[in-house]
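S.K.: One-letter residues, chain by chain:
Protein chains: 2
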Amino acid sequence: MAIAVAGPEIERLIQLLARLPGLGPRSARRAALHLIKKRDALMTPLASALQVAIDKIEVCKTCGNIDTQNPCTVCTDPRRDPSIIVVVADVADLWALERASATNGRYHVLGATLSPLDGVGPDDLTIDALVARAHDPAVGEIILALNATVDGQTTAHYVTDLLQDANVKVTRLAHGVPVGGELDYLDEGTLSAAMRQRTLF
Amino acid sequence: MAIAVAGPEIERLIQLLARLPGLGPRSARRAALHLIKKRDALMTPLASALQVAIDKIEVCKTCGNIDTQNPCTVCTDPRRDPSIIVVVADVADLWALERASATNGRYHVLGATLSPLDGVGPDDLTIDALVARAHDPAVGEIILALNATVDGQTTAHYVTDLLQDANVKVTRLAHGVPVGGELDYLDEGTLSAAMRQRTLF
Ligand SMILES: [Zn+2]
Ligand SMILES: [Zn+2]
Numbered sequence: 015m016a017i018a019v020a021g022p023e024i025e026r027l028i029q030l031l032a033r034l035p036g037l038g039p040r041s042a043r044r045a046a047l048h049l050i051k052k053r054d055a056l057m058t059p060l061a062s063a064l065q066v067a068i069d070k071i072e073v074c075k076t077c078g079n080i081d082t083q084n085p086c087t088v089c090t091d092p093r094r095d096p097s098i099i100v101v102v103a104d105v106a107d108l109w110a111l112e113r114a115s116a117t118n119g120r121y122h123v124l125g126a127t128l129s130p131l132d133g134v135g136p137d138d139l140t141i142d143a144l145v146a147r148a149h150d151p152a153v154g155e156i157i158l159a160l161n162a163t164v165d166g167q168t169t170a171h172y173v174t175d176l177l178q179d180a181n182v183k184v185t186r187l188a189h190g191v192p193v194g195g196e197l198d199y200l201d202e203g204t205l206s207a208a209m210r211q212r213t214l215f
Numbered sequence: 015m016a017i018a019v020a021g022p023e024i025e026r027l028i029q030l031l032a033r034l035p036g037l038g039p040r041s042a043r044r045a046a047l048h049l050i051k052k053r054d055a056l057m058t059p060l061a062s063a064l065q066v067a068i069d070k071i072e073v074c075k076t077c078g079n080i081d082t083q084n085p086c087t088v089c090t091d092p093r094r095d096p097s098i099i100v101v102v103a104d105v106a107d108l109w110a111l112e113r114a115s116a117t118n119g120r121y122h123v124l125g126a127t128l129s130p131l132d133g134v135g136p137d138d139l140t141i142d143a144l145v146a147r148a149h150d151p152a153v154g155e156i157i158l159a160l161n162a163t164v165d166g167q168t169t170a171h172y173v174t175d176l177l178q179d180a181n182v183k184v185t186r187l188a189h190g191v192p193v194g195g196e197l198d199y200l201d202e203g204t205l206s207a208a209m210r211q212r213t214l215f
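For the record, the sequence lines run as chains W and A. Counting from 15, one number per residue, gives the positions in the first sequence under this note's numbering. Counting from 15, one number per residue, gives the positions in the second sequence under this note's numbering.
Hints were generated in silico from the structure; no laboratory data involved. There's no promise every hint is true.
Which copy is meant is left open, so a pair is good if it fits within one copy or across any two.
With a Cα cut of at most 20 angstroms, we get these calculated SDA-like pairs of lysine to any residue [unchecked claim]:
1. Lys52 <-> Gln65
2. Lys52 <-> Ala32
3. Lys75 <-> Thr87
4. Lys75 <-> Asp138
5. Lys51 <-> Val66
6. Lys51 <-> Lys70
7. Lys75 <-> Thr140
8. Lys183 <-> Gly21
9. Lys52 <-> Val73
10. Lys52 <-> Asp138
11. Lys70 <-> Ala143
12. Lys51 <-> Gln29
13. Lys52 <-> Ser97
14. Lys52 <-> Arg26
15. Lys183 <-> Thr168
16. Lys70 <-> Leu176
17. Lys70 <-> Pro59
Build the full structure now, drawing on both the sequences and the hints.
M.R.: So this is what it looks like as structure tokens:
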């Protein structure tokens, strides 16, 4: 019935918005209506911001970060310490660490954590690229900044084993990260403290 | 710091997404990341759905509904009873009534409810257009489907006064126990109204 009334174009917009994390069907309808009411102030700018993102954003071929330049801003920043690689599961975790100014190192985005239940295996992660980077003589430390969940710690152990032949110190975030907690939900103070108190793995 | 890392284009996308109802800064970041990861499956379709909406969606000059045709699908549907006008504050309310298949009448969208505290006065609502429609001899009933809030009921009274010269019956939605509602959770006003307006079983 909603289709017949609002028209297929609006219904399509609602359906797409409902696929964003955090928006259910009801809030997607409210968001669509809000966009339509704020056509010039919000809908048009959002449409062009999306188009810019579509045209410009790439995955960094070095670290897996997303950016409008490739290699990304972090990888090419000369003020960043090239001897430290901070391994994260997801770009969201990279952003969280950056918001906390938790590290001056560079990153490596695995893309996920190992999760046998979800069918995520080693080949789904960028582990080979990480091992290759770890063999660069300029790299001295690999900091595993992974969720303190079963999957995160499984991934940490798996990665650590593969890094044994590389001449690097492998560390992990201090406990301070609550057990079961996810990085993206932590406050900046906790993240900074966990980074400062990282321990040998 | 997030700007320096993610680039101004991504930051702009996040800021625009954060202005959608239901998305805060954190969920806007997650939504942006989700869109970037699902570039072909979600971001590109959403960008074009927004562009279609920008190009095609109009406010119905008769009732205030939004649609890709003008007058809208409801106003031009010959199966709709032209003698009934259901007055709603917002298109979201129209959609809710349509999802419920609650009426076979047509609509009139006021645009808001009167709210002196928020600076919303009669001139901000499409009340003049409603009064004009009510004087059409084909119209026999105006159903006020407004929120059961102070602002909604103030608006209902205001509109009813202005409709006194029109030859129409003015009705409002019944108060009562919501379907599936538990008495123990309802306020006293609702319970007394439901009791007063009780119907034969
Ligand atoms: Zn990079
Ligand atoms: Zn209409």
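S.K.: Please work out whether the CA atoms of lysine 75 and aspartate 138 approach to 20 angstroms or closer within one copy, between two copies, in both situations, or in neither?
M.R.: within (16 angstroms within a copy, 54 angstroms between copies)
S.K.: Within a copy, between copies, both or neither: which one fits lysine 52 and valine 73 at a CA-CA cutoff of 20 angstroms?
M.R.: between (32 angstroms within a copy, 12 angstroms between copies)
S.K.: For lysine 51 vs glutamine 29, is the C-alpha pair at or below 20 angstroms within one copy, between two copies, both, or neither?
M.R.: both (18 angstroms within a copy, 18 angstroms between copies)
S.K.: Which holds for lysine 51 with valine 66 at a C-alpha limit of 20 angstroms: within a copy, between copies, both or neither?
M.R.: between (23 angstroms within a copy, 15 angstroms between copies)
S.K.: When no copy is named, should lysine 51 and lysine 70 be tagged within, between, both, or neither for a Cα gap of at most 20 angstroms?
M.R.: between (28 angstroms within a copy, 13 angstroms between copies)
S.K.: Given a CA cutoff of 20 angstroms, do lysine 75 and threonine 140 count as a within-copy pair, a between-copy pair, both, or neither?
M.R.: Intra 11 angstroms, inter 56 angstroms, cutoff 20 angstroms: intra-copy only.
S.K.: Between copies, within a copy, both or neither: which fits lysine 52 and aspartate 138 at Cα up to 20 angstroms?
M.R.: between (41 angstroms within a copy, 16 angstroms between copies)
S.K.: Treating 20 angstroms as the Cα threshold, decide for lysine 70 and leucine 176: within, between, both or neither.
M.R.: This pair counts as neither: shortest intra-copy Cα distance 34 angstroms, inter-copy 55 angstroms.
S.K.: Treating 20 angstroms as the Cα threshold, decide for lysine 183 and glycine 21: within, between, both or neither.
M.R.: Classified as neither; 59 angstroms inside a copy, 31 angstroms across copies.
S.K.: Treating 20 angstroms as the Cα threshold, decide for lysine 75 and threonine 87: within, between, both or neither.
M.R.: within (12 angstroms within a copy, 50 angstroms between copies)
S.K.: At 20 angstroms max between alpha carbons, let me know whether lysine 183 reaches threonine 168 within a copy, between copies, both or neither.
M.R.: within (19 angstroms within a copy, 70 angstroms between copies)
S.K.: My question is about lysine 70 and alanine 143: at a cut-off of 20 angstroms on alpha-carbon distance, are they close within one copy, between copies, both, or neither?
M.R.: Answer is neither: 24 angstroms inside a copy and 47 angstroms across each miss the 20 angstroms cutoff.
Comparing the model with each numbered hint stated earlier shows that hints 8, 11, 13 and 16 do not hold.
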